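Number of protein chains: 2
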Amino acid sequence: MSKKVAAFLNDRRPPTPFLVLDLGIVESNFKALRKAMPDSRIYYAVKANPAPEILTLLARQGACFDAASVPEIEMALAAGAGPERISYGNTIKKEVDIARAYELGVRMFAFDSAAELDKLSQAAPASRVFCRILTSNEGADWPLSRKFGCDPAMAYELLRIAPSKGVVPYGLSFHVGSQQRDPKQWDNALKTTAELFQRLKVDGVQLQMVNLGGGFPTRYRQEVPSPRVYARTIHKALLTHFGNSIPDTVIEPGRALVGSAGVIHSEVVLISKKSATDEKRWVFLDIGKFGGLAETMDEAIQYPIVSARNGRPEPVILAGPTCDSMDVLYERADYRLPNDLKVGDRLEIRATGAYTTTYASVAFNGFQPLAAYYI
Amino acid sequence: MSKKVAAFLNDRRPPTPFLVLDLGIVESNFKALRKAMPDSRIYYAVKANPAPEILTLLARQGACFDAASVPEIEMALAAGAGPERISYGNTIKKEVDIARAYELGVRMFAFDSAAELDKLSQAAPASRVFCRILTSNEGADWPLSRKFGCDPAMAYELLRIAPSKGVVPYGLSFHVGSQQRDPKQWDNALKTTAELFQRLKVDGVQLQMVNLGGGFPTRYRQEVPSPRVYARTIHKALLTHFGNSIPDTVIEPGRALVGSAGVIHSEVVLISKKSATDEKRWVFLDIGKFGGLAETMDEAIQYPIVSARNGRPEPVILAGPTCDSMDVLYERADYRLPNDLKVGDRLEIRATGAYTTTYASVAFNGFQPLAAYYI
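Sequences listed follow chains A and B, in order. Read left to right, the first sequence gives residues 553 to 927 (the numbering used here). Read left to right, the second sequence gives residues 553 to 927 (the numbering used here).
These are calculated hints, taken from the structure and not from any lab test. Every value quoted in this text rests on a predicted model; they were computed, and no experiment measured them. Be aware that a few hints might be false.
If several chains are the same, the list does not tell them apart, and a pair holds so long as it fits within one copy or across any two.
Said to hold, decoys possible - The calculated lysine-lysine pairs, modelled on DSS-like cross-linking and capped at a C-alpha distance of 25 Å, are:
no., residue 1, residue 2
1, LYS753, LYS788
2, LYS743, LYS825
3, LYS825, LYS717
4, LYS736, LYS587
5, LYS894, LYS717
6, LYS743, LYS788
7, LYS832, LYS894
8, LYS832, LYS583
9, LYS894, LYS825
10, LYS788, LYS587
11, LYS736, LYS583
12, LYS583, LYS555
13, LYS753, LYS583
14, LYS736, LYS788
Please work from the sequences and hints to get the whole structure.
Written out as structure tokens, the structure is:
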């Protein structure tokens with residue numbers, strides 16, 4: 553814990569649960585990634601944490617922004633980014649929202665279907681459009697379904713006809729899966745991407761950009777490779793598949809920039825057993841799946857959880873405070889907490905700067921959304 | 553659709569997505585349940601939908617309230633229910649919250665562990681306490697985990713010592729699982745309950761109340777038995793196990809009162825295929841898992857979804873509008889929509905009055921929480 557955070561906690565003592573996020577860590581994460589991948593433009597995935605403090609910091613650092621909706625575009629603009637630094641990266645947009653983004657000056661849009669290309673043609677003339685392709689998500693802790701992207705043959709067809717629709721076929725994007733711990737996963741996607749570049753070039757369509765997506769990890773319970781390892785592996789794949797004509801590249805990190813900057817402070821509400829012979833303790837916290845820890849779904853993202861006590865670590869089942877039985881955080885993931893843990897103790901749930909505050913429900917069970925402090 | 557709802561939609565034309573809930577249906581659901589189970593006190597599970605309009609209506613009808621938190625207690629009080637009509641039904645409570653509820657006049661509390669009994673002893677002296685026991689959840693569409701309840705031997709022990717802790721051992725509760733379509737599931741739990749009543753009586757502890765929990769279903773895609781069938785089956789089980797000394801009974805319906813009263817109106821944002829040879833269309837709506845349809849998790853709750861078009865129904869995959877790939881509603885559940893469905897069409901997602909508004913995230917992807925109109 554930095555001195556700044558320690559001082560804040562000591563001065564303010566906010567009631568739990570709350571997130572405290574150290575903006576200095578966001579800045580150093582950004583700088584480390586920019587240093588590792590100096591040739592890629594960084595579009596911060598606003599959805600990971602849209603706090604104005606974060607957006608303003610990143611805008612000042614020169615970041616670009618990947619927005620999922622018009623409100624996210626407006627937040628990026630309010631933080632000081634010009635519209636030329638904003639990509640409307642959601643492939644599922646109402647035409648009225650595309651028109652609004654266009655009116656705000658945004659000229660870069662994602663799509664993955666004929667119907668969406670038609671909407672862009674109508675509502676965002678002469679904009680740069682990039683097509684998302686389906687890729688494998690092996691190795692990702694939060695793998696993506698087939699929801700986004702189309703197969704390469706369809707991407708080829710749509711980009712080929714894009715000029716006739718009055719938009720600029722700008723490039724391709726893919727996503728190797730969130731919290732992707734295997735940097736080699738980019739290689740396969742880049743192979744497909746390079747083939748599409750080549751085929752389209754033959755047809756007179758010169759793409760300029762590859763959007764390498766997100767997927768860059770945060771360290772949770774397991775060690776992850778450093779940004780430099782990702783950079784090197786991706787650069788090698790670009791060289792292999794594009795040779796001496798490497799296109800412009802874009803990356804869309806979210807959790808890699810903000811995840812490690814945040815810590816949720818929670819109080820132990822109850823410790824119990826279900827029978828006298830139960831081996832595991834149930835430990836109930838004042839935050840759960842509906843209060844911001846939605847990514848514990850299927851125990852996918854495993855946050856480090858830390859107690860200040862020194863007792864022997866023994867197995868626990870961790871659950872949230874709502875009357876919803878789905879609100880169990882970790883039952884199979886072998887979490888251990890000190891055997892002298894007490895009701896009322898404080899726990900730190902670390903690496904919770906991404907995908908927490910905005911996932912919180914408005915008021916499920918009457919509990920307030922997650923309070924957050926950006927310092 | 554009632555005339556009242558039709559008139560509202562015609563006059564107001566709110567932007568999608570939104571929930572419109574017909575309070576008249578809540579009232580008739582309440583009356584039907586009260587008529588079917590005249591001997592049970594009805595504690596409405598506030599968490600299902602805490603809209604003040606619903607709470608006020610039910611308070612006027614004489615309902616009691618099952619609250620999960622202090623804010624829910626305050627909402628029930630604000631709606632006109634006295635504290636004697638409120639049960640603090642969450643088994644996971646901070647002592648400070650128990651104290652606050654006690655201060656507000658609440659004298660009925662759930663627990664399922666020694667630590668929680670100690671908190672009640674400290675913060676809610678002389679209150680009536682009931683212990684929740686673990687039961688099987690076979691037949692439930694939204695089965696509960698082992699999160700709530702303790703085994704009967706532990707319940708026996710805790711209720712036996714309750715008087716020495718300065719609280720009144722009032723009764724037992726159990727929950728057969730939400731959206732429980734098999735009324736016979738109450739029988740097994742009542743057998744265990746009656747045995748505990750008997751054992752405790754021998755020790756001089758005379759319990760008075762059985763809380764039969766919730767679980768009463770709403771009709772989604774599948775037909776469900778009527779309240780009268782549940783009433784008859786449960787009454788028979790009570791007679792079998794308690795003979796001529798049937799205790800006071802309490803039920804805690806949530807979705808059974810409000811589910812069928814609500815309809816979410818959504819717009820089709822995009823219809824696409826992932827490849828030229830794909831058989832199923834992907835249909836993307838402007839509401840998804842994070843906008844209020846959290847109970848589509850694992851495709852557990854299957855809402856009827858209706859289009860006004862007449863084309864031949866053909867298979868679709870339904871998904872929400874966020875950039876989160878988990879935001880897929882139904883992929884395996886064989887939903888079909890007309891083959892002439894168009895982008896911009898309105899869809900009705902029916903039976904969505906329960907567990908929707910408060911499950912909505914605060915602003916995931918920049919999307920606003922679910923708007924709701926109670927008429």
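Quick rundown of the hints versus the structure:
1. For a Cα distance limit of 25 Å, the shortest separation of LYS753 from LYS788 inside one copy, 23 Å, qualifies, whereas the shortest one across copies, 76 Å, does not.
2. With identical chains, the CA atoms of LYS743 and LYS825 are at most 25 Å apart between copies only, with a shortest distance of 23 Å across copies and 53 Å within one.
3. Taking the shortest Cα distances, LYS825 and LYS717 sit within 25 Å of each other only across copies (19 Å), while inside one copy they are farther apart (64 Å).
4. Taking identical chains as interchangeable, the C-alpha atoms of LYS736 and LYS587 lie at most 25 Å apart only when both belong to the same chain, with a minimum of 20 Å there against 65 Å between chains.
5. Proximity of LYS894 to LYS717 under the C-alpha cut-off of 25 Å is restricted to the inter-copy arrangement: shortest distance 20 Å between copies versus 64 Å within a copy.
6. Taking the closest pair of Cα atoms, LYS743 and LYS788 come within 25 Å of each other only inside a single copy of the chain (12 Å); across copies the shortest separation is 68 Å, beyond that limit.
7. With identical chains, the CA atoms of LYS832 and LYS894 are at most 25 Å apart within one copy only, with a shortest distance of 15 Å there and 53 Å across copies.
8. Neither within a single protomer nor between protomers do LYS832 and LYS583 lie at most 25 Å apart by alpha-carbon distance, with minima of 43 Å and 44 Å respectively.
9. In this assembly of identical chains, LYS894 and LYS825 lie within 25 Å of each other by CA distance solely inside one copy; the values are 14 Å within and 53 Å between copies.
10. Within a single copy, LYS788 and LYS587 get their C-alpha atoms as close as 17 Å, which meets the 25 Å cut-off; across copies the closest is 73 Å, which misses it.
11. Taking identical chains as interchangeable, the C-alpha atoms of LYS736 and LYS583 lie at most 25 Å apart only when both belong to the same chain, with a minimum of 23 Å there against 62 Å between chains.
12. In this assembly of identical chains, LYS583 and LYS555 lie within 25 Å of each other by CA distance solely inside one copy; the values are 21 Å within and 60 Å between copies.
13. Taking CA atoms no more than 25 Å apart as the test, LYS753 paired with LYS583 passes in neither setting, with 35 Å inside one copy and 70 Å between copies.
14. Taking the shortest Cα distances, LYS736 and LYS788 sit within 25 Å of each other inside one copy (10 Å), while across copies they are farther apart (63 Å).
Against the hints set out earlier in the document, violations occur for numbers 8 and 13.
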